[in-house]
Every structure is written in structure tokens, then in C-alpha cells.
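Each chain, letter by letter, is given below.
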Amino acid sequence: MPRLKKSYHIKARDFIGAGEASINVQNLLKSMDFDPRLIRRVAICGYEGEMNVVMHGGDGTMSIELDDKRLTLEISDDGPGIEDIALAMQAGYSTANDEHRRMGFGAGMGLPNMKKNSDRIQIESQKNNGTVVRMLFMIPEKGETD
Amino acid sequence: LSKKLTSTCFVRFEKELCAGRGTCLPVCPTKAIRIKNKKAIRIVEQCIGCGECIRICRERAVSAATEGPEVLNDDHIAIALVSPVLYAQFPGVMPKYVLLGLRQMGFQHTIDMSYFLEMFQCATEEFISRNRASGQAPWPLISPICPVVVRLIAFKFPNLLPNVLPVLRPVALMAREVKRRLIPEYLAQNRKVVLYYINPCPTKKDPACLPAGKQPAPTEIALGINDIYPQLIKHVDQIRAADAIPFYQSRFEYETCATGNASLWAMSGGEIADMDIDRSLAVSGMDETIQYLEKIELGLFQDIEYIEFRTCREGCLGGVLNATDKYLAKSAVQKMVKRFGLGRRLHRENILRLYKKGEFQSDKDPSKLTTLFGARKKALSIDAMQKIEKVLQMIKGTDCTACGAPDCRTFAEDVVRGEAELNKCVYIVNK
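First to last, the protein sequences are chains A and B. Under the working numbering, the first residue of the first sequence carries the number 28, and numbering increases by one thereafter. Under the working numbering, the first residue of the second sequence carries the number 13, and numbering increases by one thereafter.
Watch out, some of these pointers could steer you wrong.
With a straight-line Cα cutoff of 27 Å, these simulated DSS-like cross-link-like pairs (lysine-lysine) come out [said to hold, decoys possible]: (1) B:Lys443 - A:Lys57; (2) B:Lys48 - B:Lys436; (3) B:Lys307 - A:Lys33; (4) B:Lys43 - A:Lys57; (5) B:Lys380 - B:Lys48; (6) A:Lys57 - B:Lys389; (7) B:Lys380 - A:Lys57; (8) A:Lys142 - A:Lys32; (9) A:Lys38 - B:Lys408; (10) A:Lys57 - B:Lys399; (11) A:Lys96 - A:Lys154; (12) B:Lys402 - A:Lys32; (13) B:Lys191 - A:Lys38; (14) A:Lys142 - B:Lys307; (15) A:Lys96 - A:Lys32; (16) A:Lys57 - B:Lys168; (17) B:Lys369 - B:Lys191; (18) B:Lys191 - B:Lys168; (19) B:Lys376 - B:Lys389; (20) A:Lys57 - B:Lys376; (21) A:Lys33 - B:Lys168; (22) B:Lys399 - A:Lys33.
Now the in silico label distances, taken between C-beta atoms and shown as ranges [said to hold, decoys possible]: (23) B:Ile289 - A:Ala134: 20 to 26 Å; (24) A:Arg129 - B:Ser141: 28 to 34 Å; (25) A:Gln149 - B:Tyr339: 52 to 58 Å; (26) B:Lys307 - A:Ser90: 19 to 25 Å; (27) B:Gln148 - A:Arg30: 41 to 47 Å; (28) A:Asn124 - B:Gly104: 49 to 55 Å.
No lab work stands behind these hints, which were simulated from the structure alone. Being a predicted model, the structure only gives us computed values, none of them experimental. Even glycine gets a Cβ: it sits at the ideal position worked out from N, Cα and C.
Chain A on its own, in the form it takes in the complex:
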């Protein structure tokens, strides 16, 4: 089965450039034959993940890997890690600081949103040891959606 893998860099604390990796992923998927609704879900997850890295995580990477059946989006960083993953998954829980809130972030909806928009989510993290968020999207077969 043909497979494709691409990675994009995410720069820490770059609020103006933030979103670039997600836009690259989005543009890649748009040039291919994917359902726009799937692209939108992937893009939303990508952007939420990218903002998490920019705000908390230090430098990071967004990788996309896909074949005919499934698409995996992985966002990893070398930041402070998540102490309590279950707590972080709760809607409204946030560790954003005042600076983040002034820019309109920090509603505590990042991870819950990613969970809602992906088919499966897996988080690996340890305090002071970075975070990896892996999301899986099933690709509907041609003709299955419309």
C-alpha cells in the first residue's frame, strides 16, 4: 500500500507564525483527493496541537503519515511535559498564563477539541520529558460518504 510521510517544524513561542505547520498539512491534503470535512478535522486538531506546542512546549514537530485507509497526525515537543494527562483532557482545564489569555488562548479546550475531532487520540508525556500527541483518522472509502 502506498504510504506518505511528511514532517514540519514548530517553533517555540512564535505566536505570529503559529499555524504554519497546520496550514502546510492542510495544503498537502487539499492537493489530494480527500473529503473536505476530514481535512477540516485534521486541520483543527493540527492547529490546537500546534498552539499547545507554541505556548507550552518548546520546539516541536508535526508529522503526518497516511495511506489509503488511515491518517496519523503526530505532534511532539521537548517541553515541560504534562503532569496529569487525565486532568489535562478535561474541558476547561488550562495551564495558560496571563500572556496567553490576553491573546485569546487558554480556554482549556485544546486537548478536548483534539479528542472530539479525531477518531483516536493517544498522549505520551512525562514531567520535564516532552509530550507526544498522536491522533488517528480513518479515511472513508470512496463513495462511502456521499
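Once you've looked at the hints, dock chain B against the given chain A.
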């Protein structure tokens, strides 16, 4: 002629003037241009009429598919549709002198856009305030004013077509009014009527490229501001120097007057400046327009109600067919606004009555816009994407454009699609 020119509906390429430097390649937002045999050629279906290729070409090998003033002659009634951008070309000159100058050039009627801009403003405010309750359209709404933006969305961001405000553009309102009230009288007298759009950009389609039978009636012709400027400024100067101002009879108020409110529209931010909308933004320039559209597609800016986009920097007065430097023109607009003020002239209740009758509702189905680009390229398969990555690894990736494609990524795609040969890459050949 056909040997020398390669044309789209919006621009023409003159092969004999083209030096093959390829400066137009990377500025094309839809990557529609390739150079073959050292001369620019274009992939017609992808052109959205932004005019960036005209702007960058030093050899003047690219021009707008507009007509020159020589099309004006005695055999027809000529009606000029004037946007406020034209007044901005004449710093220190009252708009009415510009309209008189057009009369002296041979236009029987000059229609000023101010009224129709006000109607649009009012209808837009009403749509937005209703949308706050109904949620009929998604936020942020996108201004339909710049046709290049709408075509860019149809081509690159079709998911955002529902965000385009479904209100008729002022130029459409203006043309409708003329067709309803002015033209029938002439047609009854068996006179031929031609509508002239005087434009700052090459965005009006060349009627010659419309399919047969689709010719608009009455005939509609696009003139570039810079096509008529040399003649017009002579007349304007004469009128200003004359002891007596020439008098022409005008039937309708909108044949003669311009407002400060309307003048603002020539510059970026002018559309939203006087609108009664809580959260709005104005973005100008091709690069930033694309960046913002990408972010809207990611789901950002949903807290904004209305975004005014203009692909030309500084707005329409930055259009590529203007005759006056955009910063001079901007200063002229600011002076005009200071002089006229920002008051509106139309009664809101009258406009709202028309709004309720559906007079401003654009019935164009936005999804149809995507069919503008008939021969859209086939989507790439995973297999093709892998091959593109392989080609990209083989070539150097400096976007040198020597192969005739705008960048390495596009070249690799052309190769995989069978539209270009790998040995056109200088790096491959010299390896």
C-alpha cells in the same frame, strides 16, 4: 495576432516583448504561468485576474484584456460606470470635474457609484445584524467587493464560499439601475447602448472569451483607468482652466455627485470604516489575503463578523491599471474625505424596504463559482504524492525557475503529471 498573444479572459501576453526572465512566475497566486521556449505562456483556466503579472513585468509584455478609448465613437450611446478610484487619480480635483471630463471625452452619461456603495453598506449592515440572530451564514463573513478575492476563494479555498457575503456588489446594483431606467429609453429609440466599466484592475472579463450566445446585452466593455487617463486629464485640466464650467444635462442625481463616504472605498479599510459593524477587519495585499484565508480555513477569526479583503496592497487604489502612484492617490482620498465628511445621503428606511423585497440578495450560487475553473487539475493520489517527494529529493529545491515553473514543488508536480520533463531542471542536467 494569435501567434503573438497568449491570453486568458483577463490578461494578454505579448510574446515578442517577453524577455523570458520569468519574474511573473512566482508572483502568480494560482501558479498559472509557465515559461516555454523562453516566452511566458499561461495555463488559462487558473487565471483569477489579479494582475500581479502585469505589475511585475518590466518589459510590459503582459497587459489587461481591456479596451482603449478608441472604442468610443458616434454610433452608440456610451455610459460610463465610475468607481471612486478614478477620482483618487486626480489629487486636488473635485470629482465633478472628472465626470465632466468624461462627458467631454464622449460619454453621454457618467454614473457615480456613491449611491450604490451606500446601498450596499446598508444592506450589509442589515444582513449582519440579522445573521447575529439567524446564524444563516458562518462567521467571519467575507466581503464580496473584490472579485479577485472571490475567485481566489473559489479556486483555492472552496470551503470558504459560504462565508462570502451574499449581497449584490455595488457595481452590480449600479449596472442594474442603469439597465432598468436609462437603457430602455434608448433601446426604444433604436439606439445602440454600450456600458463602459472604468476599472483599476484587469478583473472584468474580456467579452470575446465568453462562450457564443453569452454576450451580455447591452454590450459591456471594460476600460482600464490608465487607458483613458492621458485623454481624460487633458479635458479635466481644460475644464479647470476655463472661465465657465461646461453644462451638461443630467437626469438622475447619481450622474453627478460623489461623497466623502464613497471616496474612502478606494483605499484599504474604506469599506468598513463607516459601517455599523462591531468587529471587522480590513486586510490588503495578495500575500496577506492568502495567509488570512488559510487561517480562516483553520477555524480562526470566528469572533470577527466581517473581513474586507483586497488583493492589491492599500486597496483598489493599488490596482495595477491605475495612473497615479497609490500613496499619492491615498493622500488625495484622505483630503477628499476631510473636505466632504462622512455623512450618508440615502434614507435607511427606504433601503431597508428594498432589502425586505430581496433587492440586494445575490442569487448567485457560490458553489457554481468553482466551475469557473473548468479544467481543474485532477487531485493527486498518495502514489503521485510519493513520486513528487522523490523528484523533490533529486532536484535542488532553490526555486530558481530556470525550468519555467514557478517553484520546485510545482515543477515536480508538473513532471509527475507528465506536463514537464525532468531534464528541464538545471541541477539535474549539470549533476
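Given pair status - B:Lys389, B:Lys376, alpha carbons within 27 Å: 24 Å, holds
Hint consistency between A:Lys142 and A:Lys32 [alpha-carbon to alpha-carbon, up to 27 Å]: Judged against 27 Å, a Cα distance of about 22 Å means the pair holds.
Range hint compliance [Cβ, A:Gln149 to B:Tyr339, 52 to 58 Å]: 54 Å, holds
Satisfaction of the hinted span 20 to 26 Å by the C-beta atoms belonging to B:Ile289 and A:Ala134: 25 Å, holds
Satisfaction of hint between A:Lys32 and A:Lys96, Cα-Cα up to 27 Å: Status holds; Cα separation ~14 Å.
Distance restraint hint 41 to 47 Å, applied to the beta-carbon atoms of B:Gln148 and A:Arg30: 42 Å, holds
Verdict for A:Arg129, B:Ser141 (Cβ pair) under range 28 to 34 Å: 29 Å, holds
27 Å Cα cutoff - pair A:Lys142, B:Lys307: 21 Å, holds
Given hint A:Lys33 paired with B:Lys399 - CA-CA distance at most 27 Å: 13 Å, holds
Supplied distance hint 19 to 25 Å, evaluated on CB atoms of B:Lys307 and A:Ser90: For B:Lys307 and A:Ser90 the Cβ distance comes to about 22 Å; the hint holds.
B:Lys191 paired with A:Lys38 [C-alpha distance capped at 27 Å]: With a Cα-Cα distance of about 56 Å, the restraint between B:Lys191 and A:Lys38 is violated, given a limit of 27 Å.
Hinted pair B:Lys191 and B:Lys168, Cα distance within 27 Å: 34 Å, violated
In summary, the structure is inconsistent with hints 1, 5, 11, 13, 18 from the numbered list given earlier, while agreeing with the others.
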